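Engineer: Going line by line, the protein sequences match chains A and B.
Everything in the first sequence is counted per the UniProt record's numbering, starting at 1 for the first residue and increasing by one.
Everything in the second sequence is counted per the UniProt record's numbering, starting at 1 for the first residue and increasing by one.
One or more of the hints may lead you astray.
Below, in silico cross-link-like pairs of lysine to any residue (SDA-like), each with a Cα-Cα straight-line distance of 25 Å or less [unchecked claim]:
| # | chain 1 | residue 1 | chain 2 | residue 2 |
| --- | --- | --- | --- | --- |
| 1 | B | K55 | A | G151 |
| 2 | A | K204 | B | P42 |
| 3 | A | K175 | B | N63 |
| 4 | B | K91 | B | N63 |
| 5 | A | K237 | A | A201 |
| 6 | B | K55 | A | L231 |
| 7 | A | K81 | B | P42 |
| 8 | A | K173 | A | Y77 |
| 9 | B | K66 | A | I177 |
| 10 | A | K65 | A | K173 |
| 11 | A | K173 | B | T59 |
What follows is a set of in silico ranges between Cβ atoms, one per label pair, in the way DEER data are often shown [claimed, not checked]:
| # | chain 1 | residue 1 | chain 2 | residue 2 | range |
| --- | --- | --- | --- | --- | --- |
| 12 | B | K66 | A | E174 | 12 to 22 Å |
| 13 | B | W124 | A | D196 | 31 to 41 Å |
| 14 | B | V176 | A | K164 | 40 to 50 Å |
| 15 | A | A73 | B | V176 | 39 to 49 Å |
| 16 | B | A146 | A | N66 | 27 to 37 Å |
| 17 | A | N171 | B | V176 | 36 to 46 Å |
| 18 | A | P270 | B | Q87 | 16 to 26 Å |
| 19 | A | S206 | B | K212 | 48 to 58 Å |
| 20 | B | A146 | A | G63 | 21 to 31 Å |
Keep in mind that the hints were calculated from the coordinates and are not lab data.
Given the structure is predicted, the values throughout are model-derived calculations rather than measurements.
Glycine is no exception: its CB is placed at the ideal position from the N, C-alpha and C atoms.
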Amino acid sequence: MSWSSCGSSSICSWSSSSFVPHDPPSKLLKKRSTPSIAQPGWKQRRNYSHNNRGVSKVFGYYGLKNPPYKLDALEPYLSQKTLEVHWGVHHRGYVEALNKQLEKNDRLYGCTMDELIKVSYNNGNPFTEFNNAAQVWNHDFFWESMQPGGGDMPTLGLLQQIEKDFGSFTNFKEKFIEAALTLFGSGWVWLVLKRDAKCLAIVKTSNAINPLVWNDIPIMSLDVWEHSYYLDYRNDKAKYVNTFMNHLVSWNAAAVRMVRAQAFVNLGEPKIPVA
Amino acid sequence: MALRHLLTKNTLATQPLGILGFRRVQTFSLPDLPYDYGALEPAISGEIMQLHHQKHHQTYITNYNKALEQLDDAMTKGDASTVVKLQSAIKFNGGGHVNHSIFWKNLAPIREGGGEPPKGSLGWAIDNNFGSLEALIQKMNADGAALQGSGWVWLGVDKELNSLVVETTGNQDPLVTKGPSLVPLLGIDVWEHAYYLQYKNVRPDYLKNIWKVMNWKYASEVYAKEFPES
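Just chain A, with the same shape it has in the complex:
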């Protein structure tokens, strides 16, 4: 079971899809192979070279994934125009730029999206592919962190964990909004499950960085690059952030991610009732 199968758009069929932390880059280098069966979503390009007549080279590309709702579904909080530009131009731009870069780079070809992000982050000294790869992933995750009729509160186990780690949901909400408003420049605010500390935390990241590079598990995110709110809210970042928390954030999606995260992080003994 892997993270990449839900959140990202990668379509590498032969690479191992497991979320493998801290593998040295050499293990992740895959040889380009030539599958004979056309996979759905593959873009095929037959390339008959002079030496290898009849042998076709297939290039796999990343695709632009649709948000799980129509582009006008988040009105009146995020306009259709914003979604059209943010998803259709910015997000699409990152996808196309990434594909163009991967065309020229054999080394990084064949990774799942998660692997690509970790490898290209290169422990803080990122390759040029990092920005595009991370932003593709970040935006996929962000669209799925929102839903029409979102907001309100989480329930059940996720709420319990939030109350455990932040005291109360109100306190968490305050801290999250504060983090968004004190982030200088462009970046993202995340609710993550930290693997080592085994608790939820709020994390701010700059530009394209995301918590995958520190091996933490993101649960929910908010885009605070100016392009994500400028058309609807102009400079009123506070209104945007509050609207996100009150009307857009999808606690359903967050709960699903939390459930999956608990397969990797042991948050404590299950409460088995004593007979």
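Guided by the hints, dock chain B onto chain A, whose structure is given.
Structural biologist: This is chain B only, laid out in the frame that chain A set:
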């Protein structure tokens, strides 16, 4: 120095040393634009100029004043950890004020000389350092477009070496963070708020068009002040 002159010109408060030696913190205020909001059309729309000036720049100034008050308070109390903690807010908001104050002077309506290429010593220095004005513009546009996230692209002069440099800074870092002897001549704001309403994500178009309203006269004045022609 030109920068310090800019800042002190716009202060409201003075610094009287009262009987108790009480020093009030200098507060800053929003400088007026030397032209109307719509005067830079069609290169930069009036809506952007108004928001940029009245909202963004004003916010930097408000938060800078607040941070300075808190800093003064912490310094008086000898609270070292708070003093250090405030540094990032001061760098960000103070930098925002410094940078935008320069930016407004860097722009001029076309009828007031915006876009007119530099002559005199600066024009000669540009040819010397970059080959031609077109080459300089190309370099600045390339660097500005490649900057990830938010920041500025600068044309500066190194006081010590008397050479022109093109530099980028992230967020609101002023040019001096790239070198203590660097003096900014021209700065282009490539934060999204500077162009988004008009150009959306097509930053290269914004960079191409802003040269039509670039105030080379100001840049030449700053340059001539650093290196007066003997």
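Engineer: So, for every hint listed, does it hold in this structure?
Structural biologist: Structure-based check of each hint:
1. With a C-alpha separation of about 28 Å, the suggested pair K55 (chain B) and G151 (chain A) falls outside the 25 Å cut-off, and the hint is violated.
2. Pair hint K204 (chain A) plus P42 (chain B) does not hold up; C-alpha atoms about 37 Å apart against a cutoff of 25 Å.
3. Taking the CA atoms of K175 (chain A) and N63 (chain B), the gap is about 20 Å. The hint holds against a cut of 25 Å.
4. At most 25 Å may separate the alpha-carbon atoms for a hinted pair to count; K91 (chain B) and N63 (chain B) meet this at roughly 11 Å.
5. Between the alpha carbons of K237 (chain A) and A201 (chain A) the distance comes to roughly 22 Å, so the proposed pair stays at or under 25 Å and holds.
6. For the hint linking K55 (chain B) to L231 (chain A), the alpha-carbon distance of about 15 Å falls within 25 Å, and the restraint holds.
7. For a cut-off of 25 Å, the pair hint linking K81 (chain A) to P42 (chain B) stands: about 22 Å separates their Cα positions.
8. About 18 Å separates the Cα atoms of K173 (chain A) and Y77 (chain A), which keeps this hinted pair within 25 Å; it holds.
9. With a CA separation close to 20 Å, the supplied pair K66 (chain B) and I177 (chain A) stays within the 25 Å bound.
10. In summary, the hint linking K65 (chain A) to K173 (chain A) is not supported, as the alpha carbons are separated by about 29 Å, beyond the 25 Å threshold.
11. Distance hint between K173 (chain A) and T59 (chain B) is fulfilled; the C-alpha atoms sit about 24 Å from each other, no more than 25 Å.
12. Checked against the hint of 12 to 22 Å, the pair K66 (chain B) and E174 (chain A) passes, with Cβ atoms roughly 20 Å apart.
13. Roughly 59 Å separates the CB atoms of W124 (chain B) and D196 (chain A), a value that falls outside the hinted 31 to 41 Å.
14. Range check, V176 (chain B) to K164 (chain A): about 46 Å between beta-carbon atoms, so the 40 to 50 Å window is met.
15. In this structure the supplied range 39 to 49 Å holds for A73 (chain A) paired with V176 (chain B), their Cβ-Cβ distance being about 47 Å.
16. Separated by about 29 Å at the C-beta atoms, A146 (chain B) and N66 (chain A) satisfy the suggested range of 27 to 37 Å.
17. The supplied range of 36 to 46 Å is met by N171 (chain A) and V176 (chain B), whose beta-carbon atoms lie about 40 Å from each other.
18. Against the hinted window of 16 to 26 Å, the Cβ-Cβ separation of P270 (chain A) and Q87 (chain B) comes to about 46 Å, which falls outside the hint.
19. The hinted window of 48 to 58 Å between S206 (chain A) and K212 (chain B) is violated, with their beta carbons roughly 32 Å apart.
20. A beta carbon spacing of about 26 Å between A146 (chain B) and G63 (chain A) agrees with the range 21 to 31 Å that was offered as a hint.
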